[in-house]
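Chemist: Each chain, written out:
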Amino acid sequence: MYPDYMEESLRKVAQTRPKRLELARKPDPVYPPMNAEERQAVLEGFHPDYESSARRPVRVGPNKGETLTTEVSELLESHSWLRSEQVDLDKPDFETDLLIIGGGGAGCNAALVAMKEHGMHSIIATKLRMGDANSMMSQGGMQAAVSRTDSPTRHYLDAIGGGHFENKPELVRALTEDGPGVVKWLEDLGVCWDKEQDGSLKTMHGGGTSRKRMLSCRDYTGAMIMRTLMDEVRNHPDMIDIKEFMPAVELIMDDKGRCAGAILYSMDSEEFFVVKAKSTLIATGGYGRLHIRGFDTTNHYGSTGDGLVMAYRAGAKLMYMDSVQYHPTGVSFPEQIAGFLVTEAIRGAGGQPLNKEGELFVFPREPRDIEASAIIRECVQNGGGVPTPSGRVGVWLDSPLIDMLHGEGYTEKHFPAMYRQFIRYGIDIAKLPMLIYPSLHYQNGGIEINERCETDIPGLYVAGEATGGLHGRNRLMGNSVLDYNVFGRRAGRYAGEYAKTVKLGKLSLTHLDSYEKELANAGVKTDLVTPVLLPSYAPKDVKKRQLLRGNNVLPGASVLQNRLFDERPDA
Amino acid sequence: MTSVKAGTTQKKSASLADEKQKAAEQRLITVYIMGKAYEVPAEATIMGAIEYAGHQIIRGAGCREGYCGACATLYRLPGDYKIRTGLACMTLVEEGMTLAQIPSVPAEKAIYDIEKLKPNVTAIQQMYPSVFRCVACNTCTRSCPQGLQVMDYVQAAKRGDIATVMDLSFDCVVCGLCMLRCPAEITQPLMAIMAKRLYGRYLRKDSPELAERVKAVEEGVYNAEYAELMSMKREDLSKRYYARDSE
Numbered sequence: 004m005y006p007d008y009m010e011e012s013l014r015k016v017a018q019t020r021p022k023r024l025e026l027a028r029k030p031d032p033v034y035p036p037m038n039a040e041e042r043q044a045v046l047e048g049f050h051p052d053y054e055s056s057a058r059r060p061v062r063v064g065p066n067k068g069e070t071l072t073t074e075v076s077e078l079l080e081s082h083s084w085l086r087s088e089q090v091d092l093d094k095p096d097f098e099t100d101l102l103i104i105g106g107g108g109a110g111c112n113a114a115l116v117a118m119k120e121h122g123m124h125s126i127i128a129t130k131l132r133m134g135d136a137n138s139m140m141s142q143g144g145m146q147a148a149v150s151r152t153d154s155p156t157r158h159y160l161d162a163i164g165g166g167h168f169e170n171k172p173e174l175v176r177a178l179t180e181d182g183p184g185v186v187k188w189l190e191d192l193g194v195c196w197d198k199e200q201d202g203s204l205k206t207m208h209g210g211g212t213s214r215k216r217m218l219s220c221r222d223y224t225g226a227m228i229m230r231t232l233m234d235e236v237r238n239h240p241d242m243i244d245i246k247e248f249m250p251a252v253e254l255i256m257d258d259k260g261r262c263a264g265a266i267l268y269s270m271d272s273e274e275f276f277v278v279k280a281k282s283t284l285i286a287t288g289g290y291g292r293l294h295i296r297g298f299d300t301t302n303h304y305g306s307t308g309d310g311l312v313m314a315y316r317a318g319a320k321l322m323y324m325d326s327v328q329y330h331p332t333g334v335s336f337p338e339q340i341a342g343f344l345v346t347e348a349i350r351g352a353g354g355q356p357l358n359k360e361g362e363l364f365v366f367p368r369e370p371r372d373i374e375a376s377a378i379i380r381e382c383v384q385n386g387g388g389v390p391t392p393s394g395r396v397g398v399w400l401d402s403p404l405i406d407m408l409h410g411e412g413y414t415e416k417h418f419p420a421m422y423r424q425f426i427r428y429g430i431d432i433a434k435l436p437m438l439i440y441p442s443l444h445y446q447n448g449g450i451e452i453n454e455r456c457e458t459d460i461p462g463l464y465v466a467g468e469a470t471g472g473l474h475g476r477n478r479l480m481g482n483s484v485l486d487y488n489v490f491g492r493r494a495g496r497y498a499g500e501y502a503k504t505v506k507l508g509k510l511s512l513t514h515l516d517s518y519e520k521e522l523a524n525a526g527v528k529t530d531l532v533t534p535v536l537l538p539s540y541a542p543k544d545v546k547k548r549q550l551l552r553g554n555n556v557l558p559g560a561s562v563l564q565n566r567l568f569d570e571r572p573d574a
Numbered sequence: 031m032t033s034v035k036a037g038t039t040q041k042k043s044a045s046l047a048d049e050k051q052k053a054a055e056q057r058l059i060t061v062y063i064m065g066k067a068y069e070v071p072a073e074a075t076i077m078g079a080i081e082y083a084g085h086q087i088i089r090g091a092g093c094r095e096g097y098c099g100a101c102a103t104l105y106r107l108p109g110d111y112k113i114r115t116g117l118a119c120m121t122l123v124e125e126g127m128t129l130a131q132i133p134s135v136p137a138e139k140a141i142y143d144i145e146k147l148k149p150n151v152t153a154i155q156q157m158y159p160s161v162f163r164c165v166a167c168n169t170c171t172r173s174c175p176q177g178l179q180v181m182d183y184v185q186a187a188k189r190g191d192i193a194t195v196m197d198l199s200f201d202c203v204v205c206g207l208c209m210l211r212c213p214a215e216i217t218q219p220l221m222a223i224m225a226k227r228l229y230g231r232y233l234r235k236d237s238p239e240l241a242e243r244v245k246a247v248e249e250g251v252y253n254a255e256y257a258e259l260m261s262m263k264r265e266d267l268s269k270r271y272y273a274r275d276s277e
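Going line by line, the protein sequences match chains A and B.
The first sequence: position 531 = 534 (the working numbering), numbered continuously.
The second sequence: position 13 = 43 (the working numbering), numbered continuously.
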């Protein structure tokens, strides 16, 4: 239940609702969408990326001198868990055609396609369980231009406009052109899409879509897709070897500068293992658990940007790593679920963001960066936010409109996950609005790829959220689910093809030594050892006591005792 | 429950909320995590409480938002014989609660070729015969943290009613608590995944426009338009974007 002091504001929301319902029933937008200048102004004024401390130049590596998100620069300017001389590369523990790092949607697609199209064996190495990935959590849907009023080229225009025309065109074409085929691929694997009576796919709007293009599986879209893919992967134990709780911590190169596998780390036994692979795919997802700018996140527990730093040390270039996506509607209250995602489909179905007076202040379906910035502006500049008991702030997302627009029971039937999330705390979202605030959601940039998922490094492929270029500096809703399917499949195709012909040379980890030298030369002083693997939510005093362990966060210490936010001075 | 405040712009080190300081203003209660007593905030989720106690969860946390089923938990409350179930990320602690996470439930997934199965009772019989051991005790339904009618879909599976299994098990997060509690030792969630796939593969109504669109893409119908869009200057593309109509 909401605290008593919010009652007056809730009453105002109820008072303005009939009028807003009328607006929603008309074909015109309920609030004027912003033009290009207005969009630019709200971004520069209020998007967290634009705060002065949000970005700084990185001092080492392929993007040296480029201004990146501050936390990303810190992540990249860090030590490896390993020293090259400590690892015996001559006797690999495992060998395979394709090593897939990450057991989410992109990784599963790649393994299946490499097997089906090229007969390639894969190892999927993943930090937690298979499917422990942001792929599992997407609620609202996947974009694909399947309806008769829509076209892949229109999808292209929406995506590239949403990304402020900075997206790599060939990637956007691949995304939008492969979309319909992905819908069919998933359906044939057994994904149950939401359908109309006649069998056509149910489509909804998302932020920045000019046609209804969002396909869904209730609000368990990612879970449905991910469980189907995982089940199919597990139906081929002879071709796809799954290694759970075994994240990669470094890539292995060969003496000709090609990627040749990775070092895995066992979360259970704290051992390191050498995997030799003809081609390697990074499908490690994003970085929400780095809590950039102190934001709550919608992300999975393991989203710590591991792939970024491994690829960067090996010499792969990053793109748009100065851009962070804050989802407009993260939960602000109740405290226990703060930061959790409220699917954009709530707005797609008619939900409206409102200030404490119950008034509209933004078109509900602006692209995400614009919508999020407008919400921050409403709270920070206009004082339109509602404070929470724990010191957060939020605006209302008026969900009761949805049943009024689509019929009673619609919310509970079509948004069962959302409904469950709130009813546990006594809030019935079919009757009461949700209190929301932007939440750290997505890594817009990443490792630069082409439409074949290739990087600067032969034999190294990347797919899904770990990549950069596809979404420009702002991704639209539903394009990430499509992304991991389209590019996961492409990665399987091209990495599988490459694996057929490559003859690897002598394995090497000398890139780690070079990187370490570069850190020293640049005068970087840090005790940070990466990949981070998992965030710690232990209270500060507990962390201090944990760090007493031998004063060693360098190799030899437990990986899990590494803390990104160690506060020792001059550490 | 994360330990970071939304939208704060303080220094990072300070923005990781000092949970102990917060605790001074917070009411603490005692819970027993794997048998050991800890003082934790009264308003915490089970997952928040375990982390407050200083544990680094490796197994037993995943999406942290109720979708992945990694954090299945069994607990009892004082003075109550009942074994209760919940997801650690979603369930609040209570005074005197004694709890254990069950991050993995031993179960064997059937290996099958979806192309060789039919959406009927035979598929269930062949792949998950244990379903027919159901004694209709309803323990599965009572133990489901998602509030699903698990026993009803098991009954539907026995009848070969794949559509009902799909519908009733749609929101299953595969936490495994039902199969852990089931006296007939059925692996309900695994059977349900197969049933959903059978529904999607064989019982769906086909979308005519999807087939047309896939064909159009294969035939290169959009090639010319893509070439045009991809060669446009940013200003022209921007003009076209802002002038586009909306459905």
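Think of the hints as simulated: they come from the structure by calculation, not from any bench.
On a predicted model such as this, the values are computed, not experimentally measured, just so you know.
A hint or two may mislead.
Claimed, not checked - Computed list of lysine-lysine pairs in BS3-like fashion (alpha-carbon distance at most 25 Å, straight line):
1) B:K112 / B:K148
2) A:K215 / B:K235
3) A:K198 / B:K269
4) A:K119 / A:K187
5) B:K148 / A:K215
Chemist: All hints are to be evaluated individually against the structure, with a verdict given for each.
Modeler: Here is how each hint holds up against the structure:
1. With a C-alpha separation of about 41 Å, the suggested pairing of K112 (chain B) with K148 (chain B) is violated against the 25 Å cut-off.
2. The straight-line distance between the Cα atoms of K215 (chain A) and K235 (chain B) is roughly 20 Å, inside the 25 Å bound, and the hint therefore holds.
3. Between K198 (chain A) and K269 (chain B) the alpha-carbon distance is near 35 Å, which puts this suggested pair outside the 25 Å criterion.
4. Annotation: proposed proximity of K119 (chain A) to K187 (chain A) holds, straight-line Cα distance about 16 Å (limit 25 Å).
5. At most 25 Å may separate the alpha-carbon atoms for a hinted pair to count; K148 (chain B) and K215 (chain A) exceed this at roughly 34 Å.
Comparing the model with each numbered hint stated earlier shows that hints 1, 3 and 5 do not hold.
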